[in-house]
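Asks: Listed here are the chains, written in short residue letters.
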Amino acid sequence: QKEVEQNSGPLSVPEGAIASLNCTYSDRGSQSFFWYRQYSGKSPELIMSIYSNGDKEDGRFTAQLNKASQYVSLLIRDSQPSDSATYLCAVFLYNQGGKLIFGQGTELSVKP
Amino acid sequence: DAEITQSPRHKITETGRQVTLACHQTWNHNNMFWYRQDLGHGLRLIHYSYGVQDTNKGEVSDGYSVSRSNTEDLPLTLESAASSQTSVYFCASGRAGSYEQYFGPGTRLTVT
Numbered sequence: 001q002k003e004v005e006q007n008s009g010p011l012s013v014p015e016g017a018i019a020s021l022n023c024t025y026s027d028r029g030s031q032s033f034f035w036y037r038q039y040s041g042k043s044p045e046l047i048m049s050i051y052s053n054g055d056k057e058d059g060r061f062t063a064q065l066n067k068a069s070q071y072v073s074l075l076i077r078d079s080q081p082s083d084s085a086t087y088l089c090a091v092f093l094y095n096q097g098g099k100l101i102f103g104q105g106t107e108l109s110v111k112p
Numbered sequence: 001d002a003e004i005t006q007s008p009r010h011k012i013t014e015t016g017r018q019v020t021l022a023c024h025q026t027w028n029h030n031n032m033f034w035y036r037q038d039l040g041h042g043l044r045l046i047h048y049s050y051g052v053q054d055t056n057k058g059e060v061s062d063g064y065s066v067s068r069s070n071t072e073d074l075p076l077t078l079e080s081a082a083s084s085q086t087s088v089y090f091c092a093s094g095r096a097g098s099y100e101q102y103f104g105p106g107t108r109l110t111v112t
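Residue numbers (the numbering used here), protein chains in the order written: chain U, 1 to 112; chain E, 1 to 112.
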């Protein structure tokens, strides 16, 4: 089992819809979770951090964390074509000597 | 404005040559990291530093070295470049005590 797993996609949604991106992780002791957005040819950009169970909202973005299920997700409401990018889930893994481990990313395509 | 920069942005070198990639940040962040990103492997940690004179190996450190003589800079050296080191290299930094990381624009390295 990979330490951080994401569906590679591509995930295609129509403009205005809700995009749901999912991530599972292996270390039950992890406490810190992040979502990065990466446009093609660009560097990853931190868009959300979440540390507690439940939902965290920032504008059109909502991060959801369920530590019991070892599951973190990102919802993008009212998706726009400008949201088309690869979304990387990152988990701080204590059992790896304290390192941020990235999933391989989910490619999101928002169709006008 | 505070920022993180990488140079050069593109580099072509020959097998066996020593190459140094520069990373400079003006956020006064204690933590600095080097990653490589390849199709099928995602972001992989090469080396990292939690402060001046501190350096640590990541998961793919063979053939790479770093040194940290001040807070602002963490240069990455490829001792003897190999074709397997053709990749996009990202530097990142973060505050002490925080697991959030902020990425530089990247360096695309080609080893021929």
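It should be emphasised that the hints constitute simulated quantities derived from the structure, not laboratory data.
Cβ coordinates follow ideal geometry from the N, Cα and C atoms, glycine included.
Treat the hints with caution; some may be incorrect.
[Said to hold, decoys possible] Taking beta-carbon pairs under 7 Å as the criterion, some of the chain U residues facing chain E (in silico):
#1 Gly29
#2 Ser40
#3 Ser43
#4 Gln104
Asks: Now, for every hint given, state plainly whether the structure supports it.
Replies: Against the structure, the hints come out as follows:
1. Among the interface hints, the one on Gly29(U) is violated; its C-beta lies about 14 Å from the nearest C-beta in chain E, farther than the 7 Å criterion.
2. At a threshold of 7 Å, the smallest CB-CB gap from Ser40(U) to chain E is about 12 Å, leaving the interface hint violated.
3. Given hint, Ser43(U) at the interface with chain E, holds; its Cβ is 4 Å from that chain's nearest Cβ, closer than 7 Å.
4. The beta carbon of Gln104(U) comes within 4 Å of a beta carbon in chain E, closer than 7 Å, and the hint placing it at the interface holds.
The structure shown violates the earlier hints numbered 1 and 2.
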